[in-house]
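Take the sequences, apply the hints, and build the full model.
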Amino acid sequence: MCTCAHQPDTYLWNCETYSTSCRNESAYAEVPRERTQWLGSVQLTMECDPGYDMPLNSPVNSTLTCLPDGSTWKPDYLPDCNEKIVATAAEMTMTGQLPSATCDGLGQFTTSRTTLTFASSRRLVITEMCRQHLLSCAVVRASIDCQDKSANGGSPPHIFLSLAIVLAPSTHWSMYTKKSVPLALTILRSLEERAVSSHVNTTITPVCRIGTVGVLRAGSEVVCRGCSLGHYLDSVNKICVPCSPGYYGDRVLSTSCKLCPGMSSYYGTLQWERILKVIPNRAHSISSCPILYKHTNGTLEVRVPSKIHAQLSQLGPEEGRTKPRDANDGKQPSLDSGSKLVIATFVLSALSVA
42 MCTCAHQPDT YLWNCETYST SCRNESAYAE VPRERTQWLG SVQLTMECDP GYDMPLNSPV
102 NSTLTCLPDG STWKPDYLPD CNEKIVATAA EMTMTGQLPS ATCDGLGQFT TSRTTLTFAS
162 SRRLVITEMC RQHLLSCAVV RASIDCQDKS ANGGSPPHIF LSLAIVLAPS THWSMYTKKS
222 VPLALTILRS LEERAVSSHV NTTITPVCRI GTVGVLRAGS EVVCRGCSLG HYLDSVNKIC
282 VPCSPGYYGD RVLSTSCKLC PGMSSYYGTL QWERILKVIP NRAHSISSCP ILYKHTNGTL
342 EVRVPSKIHA QLSQLGPEEG RTKPRDANDG KQPSLDSGSK LVIATFVLSA LSVA
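Residue numbers (our numbering): 42 to 395.
The hints are simulated quantities; they were obtained by calculation from the structure and are not laboratory data.
Bear in mind that the values here come from a model prediction, so they are computed numbers and not experimental data.
Below 27 Å or equal to it, Euclidean Cα-Cα: the simulated DSSO-like pairs (lysine-lysine) are:
# : residue 1 : residue 2
1 : K279      : K299
2 : K115      : K279
3 : K279      : K219
4 : K125      : K299
5 : K299      : K115
6 : K115      : K125
7 : K125      : K279
So, in structure tokens, the structure goes:
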């Protein structure tokens, strides 16, 4: 299915297609019989099936782009979608400055999930203060430092508190960020006799499993995203890194790649560079763009080169490769793990021969 809209007095048209070729006779008639080159780009837009979510290493704006001349796609891989993981909790940390006299008077304290209890029998019910701000929380850890280190560039007397916040369904993330400072001030001022302090710093971050990072989706949802097959999460920079040649990643949300069995005996780096990032278990690599052809009768055709699939799924570990770990074993990899390309947009222009 394809529709092409020709712009009057130009050789420019836009095509939206669900196939690999676009045949529109009225558009063909507008193309010069002779041309020197094609300008423009070919774009593929990636979407995920219901219940799946974009990986952390998805293309910018979910779009792959290249020129219709057989050059390399940018980016040069098509990641599978991962199962959607909605964040259900966040960690809020607060650091509040305390007057020296107030800090010294607090003394030792103990913590529970709900309360800070001081040696003077003074109790701070943190969960109740959270409820005052329409939040559900629990105490994770707390500390008080009454040493004034500000003269040496350090911190003045302060209290540090870490809270686990429950994220309510369909509640916008901005609501939690807006309430973090008022909640911190409520806690801080409850410790002071005259309740005048306003020196607080707060942070709030989604709590996600290892191998994932909290991301705010369009709308109100906070999801935990990790890397697709063939990539691992750099835990320091929070980015996805492709597995190096000779290594593979057959599981999503990984934090490392594994060395291929028999790699040193059977295959060298050049072999792995040739097959690029194609790995077992339904992961694909797009290595070249469609090429635009004009036939002698004036019709246009967009030809898509065959996908470059390394036959990793055909070989066992004894041959230096690894088999996929699912029902796709022994077959060509297939894009059925949640990804789908829903539209290809061709934006092209023809230049006539001088």
